[in-house]
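With these hints in hand, go ahead and build the complete structure from the sequences.
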Amino acid sequence: MNSRIGAQSAPSDANRLAPPPLRRRVLLGAAGALALVSRRAMAQAGKSLKIGFISPRSGALASFGETDGYVLDLARKALVKGLAVGGQTYAVEIIDRDTQSDPARAGQLARSLINDTGIDMMLTTSTPEVVNPVSDACEAAGMPCLATVMPWEAWYFGRGAKPGQPSPFRWTYLFSFGVDEFAECYISQWNSGVQTNKKVGVLYPNDADGNAIRAHLAPKLAKAGFTIVDPGPYEDGTTDYSAQIAVFKKNRCEIFNTFPIPPDFATFWRQAAQQGYTRMVKIAQTAKTGLFPSSMEALGTLGYNISSAAYWHRDFPYASPLTGVSGMGLAEGYEQASGKQWTQQLGASMSLLDAGFAALAASSDPKDKKSVAAALSRLKTKTMVGEVDFTRGPVPNVFATPIIGTQWVKAKPGSRFKLDYVVTENATDHNVPVHAKLIPYS
Amino acid sequence: MIFLNQCLQGIFLGAYYALIACSLSFLFGVMRIINLAHGSLAVLAAFLLFVLADRYGLSPWLGLVLVIPVMAALGFLLQILVLERSLKGGLLVPLLSTFGLAIVIDNLLFQGFGADTRSLAPYIGDLSFASWSLSDDITVGQLDVIILAAAVALLGGLQLFLARTRLGRTIRATAEAPEIVGLIGIDARAVYALSTALAMALATVAGAFLALRATFNPYSGGMQLLFAFEAVVIGGFGSLWGTLIGGILLGVAQNLGAFVNPHGFLIAGHGFFLAILIARLYLGPRLARLRLARLRPRRPRPHAARPA
Numbered sequence: 395m396n397s398r399i400g401a402q403s404a405p406s407d408a409n410r411l412a413p414p415p416l417r418r419r420v421l422l423g424a425a426g427a428l429a430l431v432s433r434r435a436m437a438q439a440g441k442s443l444k445i446g447f448i449s450p451r452s453g454a455l456a457s458f459g460e461t462d463g464y465v466l467d468l469a470r471k472a473l474v475k476g477l478a479v480g481g482q483t484y485a486v487e488i489i490d491r492d493t494q495s496d497p498a499r500a501g502q503l504a505r506s507l508i509n510d511t512g513i514d515m516m517l518t519t520s521t522p523e524v525v526n527p528v529s530d531a532c533e534a535a536g537m538p539c540l541a542t543v544m545p546w547e548a549w550y551f552g553r554g555a556k557p558g559q560p561s562p563f564r565w566t567y568l569f570s571f572g573v574d575e576f577a578e579c580y581i582s583q584w585n586s587g588v589q590t591n592k593k594v595g596v597l598y599p600n601d602a603d604g605n606a607i608r609a610h611l612a613p614k615l616a617k618a619g620f621t622i623v624d625p626g627p628y629e630d631g632t633t634d635y636s637a638q639i640a641v642f643k644k645n646r647c648e649i650f651n652t653f654p655i656p657p658d659f660a661t662f663w664r665q666a667a668q669q670g671y672t673r674m675v676k677i678a679q680t681a682k683t684g685l686f687p688s689s690m691e692a693l694g695t696l697g698y699n700i701s702s703a704a705y706w707h708r709d710f711p712y713a714s715p716l717t718g719v720s721g722m723g724l725a726e727g728y729e730q731a732s733g734k735q736w737t738q739q740l741g742a743s744m745s746l747l748d749a750g751f752a753a754l755a756a757s758s759d760p761k762d763k764k765s766v767a768a769a770l771s772r773l774k775t776k777t778m779v780g781e782v783d784f785t786r787g788p789v790p791n792v793f794a795t796p797i798i799g800t801q802w803v804k805a806k807p808g809s810r811f812k813l814d815y816v817v818t819e820n821a822t823d824h825n826v827p828v829h830a831k832l833i834p835y836s
Numbered sequence: 392m393i394f395l396n397q398c399l400q401g402i403f404l405g406a407y408y409a410l411i412a413c414s415l416s417f418l419f420g421v422m423r424i425i426n427l428a429h430g431s432l433a434v435l436a437a438f439l440l441f442v443l444a445d446r447y448g449l450s451p452w453l454g455l456v457l458v459i460p461v462m463a464a465l466g467f468l469l470q471i472l473v474l475e476r477s478l479k480g481g482l483l484v485p486l487l488s489t490f491g492l493a494i495v496i497d498n499l500l501f502q503g504f505g506a507d508t509r510s511l512a513p514y515i516g517d518l519s520f521a522s523w524s525l526s527d528d529i530t531v532g533q534l535d536v537i538i539l540a541a542a543v544a545l546l547g548g549l550q551l552f553l554a555r556t557r558l559g560r561t562i563r564a565t566a567e568a569p570e571i572v573g574l575i576g577i578d579a580r581a582v583y584a585l586s587t588a589l590a591m592a593l594a595t596v597a598g599a600f601l602a603l604r605a606t607f608n609p610y611s612g613g614m615q616l617l618f619a620f621e622a623v624v625i626g627g628f629g630s631l632w633g634t635l636i637g638g639i640l641l642g643v644a645q646n647l648g649a650f651v652n653p654h655g656f657l658i659a660g661h662g663f664f665l666a667i668l669i670a671r672l673y674l675g676p677r678l679a680r681l682r683l684a685r686l687r688p689r690r691p692r693p694h695a696a697r698p699a
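Taken in order, these protein sequences are the chains called A and B.
All residue numbers for the first sequence refer to the working numbering, where the first residue is 395 and numbers rise by one.
All residue numbers for the second sequence refer to the working numbering, where the first residue is 392 and numbers rise by one.
Rather than coming from a laboratory, the hints here were simulated on the basis of the structure.
The C-beta atom is built at its ideal place from N, Cα and C for all residues, glycine as well.
Hints may contain errors.
What the hints assert, rightly or not - Selected chain A positions facing chain B (in silico; Cβ < 10 Å):
(1) A456
(2) F458
(3) D603
(4) K617
(5) T633
(6) T661
(7) G670
(8) S689
(9) N699
(10) K734
(11) S809
(12) K812
Unchecked claim - A few chain B residues that don't get close to chain A, going by computed Cβ distances all over 10 Å:
(13) G401
(14) R476
(15) S477
(16) V484
(17) G503
(18) L616
(19) G662
Rendered as structure tokens:
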């Protein structure tokens, strides 16, 4: 990983005057040599930007980071000629780091990028275990930081902001979904044609996400006319769910909703099938698990027709301003390059780069941290996931992005993959085309 | 009725823990090697089975026939290359070297297979969730019954093997005093290597059932260690029947905890484990007499060294 960064990076100040090292890139031909020369010229003018990019590439959260290498490659290719800001062109170096899914390491990496590498801006994505520690480190060090893909309530209130009071954050910004988007999406999804008794069995764990959802989402669903049957919080890592299944069966919960860590869901769902609950379920709505095709494939036939919600889908009608790639193009490009099925994180990571470089371009001086933070605070731009507009709220430093109802269905014959991921509702963003109708789980 | 089902599912869950713990119990209790790479090795076996099933369409049951010898051979190498050397350094060194080995295996698997979550369940048709319904509230999963049967057969078979056969007695004697068995013509190195190979074969079975009952990815090895250790400790070191009973007690305790409150699942399990540990401390000798099927006679306390 590091060697590739080195090969693509602009020469640093230290070796600026030394002859260019003989890199393989130089041998690639005239194009490569030209690019190198132009980057050297820019570097000699002293104008280069270093951007930190922190995501989980290995460890328990690795399925989030799996696609980041591809997205970063696209961005680096698009930025090979540098970034133009106010008539100046800056060479750009994106320095990506892997948290190994460890929150302590995430904070450590952020501090090292800020203090040792001397980055000009931080980008970070995927789950509170990555985004919160990186954001905290940036807030403490006065480093402009943009983040995505975690529930914004857990980012904003979870890091010490109080409702109704001014935002305590000066340097850190997040665009991502929140409880309201989930509520809107679920209500639309569950009223969309599949007949149910409107009784919802909920399996929410006793962790940050589970408790936030229990406190804020469940009341909204109840208000919309659904009866919530909650057997109570359970601990992550539970290996037997007979008690909860008995409660769901007794109440005939035809809708099922859960926010578990993925291994727990597989155990629960198989046991629910064993004990005859899945035959009762008309809509199985999962969040947190079911984001990526591999976790659904692991369920075998039990994974067909499970509903999910997506923060990006290849059918999103937006292109990436940074790379020019469309939703379909991004998904297909990834499938060709990796041989694996596209995932929703592709679009999310791309949108983070889109918005980050839009903020740098909008700043009066991208080398000046105050100027970049100010540009973030009034950023209004298009990205791969749609609009990002920090002037609109819901709270300062945050913009809420849509969550779209989806379903995993058996792939059509001849498909390269076992499952197809289709959009079934679009309440939070009407520009997203709905190509499929929700079908009952059983 | 729901209460009965909770207990029943607890027994099945416990049998699963015991099956996962079997290899650990053997190495830990009999050979006195704490193998922290147990979970990772089980996951490695699961990946091998997955490759056979996914690429070559081989059912995981048949796959076991192929993977068990491979893993046993790996165990042989593990003993010669890692454990034998580290055992010379005292009790702590194998702990550290197997911990390091676990990290190496996890990350090699990640390099080779990526981060995706897998399961073997899709390759056994509906068996992973097929069940017999005894009443509205009581169901018996078919895979659970297989796991229970496998646990009884493996742990029981191993117990009988160690207690009744000549080779079993040789293994125990070697673990007890590796230097002395040489005097009566036993090759301690070969016995150790054979035992580790056996332990790896058992870890393969553990990996297979882990992958059939749940899902796995390159990093799920560590998660499996905790309950397995608890089952071994509750059941008492050195007793494989004890591990089976320990696992079942743990599973039932967890499920009864969850019956009172879903919060209670893990707490009840860990609480029960702690209670057993404390009981051991205070009632040690009396409890030991109650212990089932002890393998090793209690050793007399060494006399305090008298000053010359």
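Hints and how they fare:
no.: 1; hint: A456; in the structure: holds (3 Å)
no.: 2; hint: F458; in the structure: holds (8 Å)
no.: 3; hint: D603; in the structure: violated (16 Å)
no.: 4; hint: K617; in the structure: violated (25 Å)
no.: 5; hint: T633; in the structure: holds (6 Å)
no.: 6; hint: T661; in the structure: holds (5 Å)
no.: 7; hint: G670; in the structure: holds (6 Å)
no.: 8; hint: S689; in the structure: holds (5 Å)
no.: 9; hint: N699; in the structure: violated (15 Å)
no.: 10; hint: K734; in the structure: holds (8 Å)
no.: 11; hint: S809; in the structure: violated (16 Å)
no.: 12; hint: K812; in the structure: holds (9 Å)
no.: 13; hint: G401; in the structure: violated (7 Å)
no.: 14; hint: R476; in the structure: holds (29 Å)
no.: 15; hint: S477; in the structure: holds (26 Å)
no.: 16; hint: V484; in the structure: holds (26 Å)
no.: 17; hint: G503; in the structure: holds (13 Å)
no.: 18; hint: L616; in the structure: holds (12 Å)
no.: 19; hint: G662; in the structure: holds (13 Å)
The structure fails to meet hints 3, 4, 9, 11, 13 from the earlier list, while all remaining hints are met.
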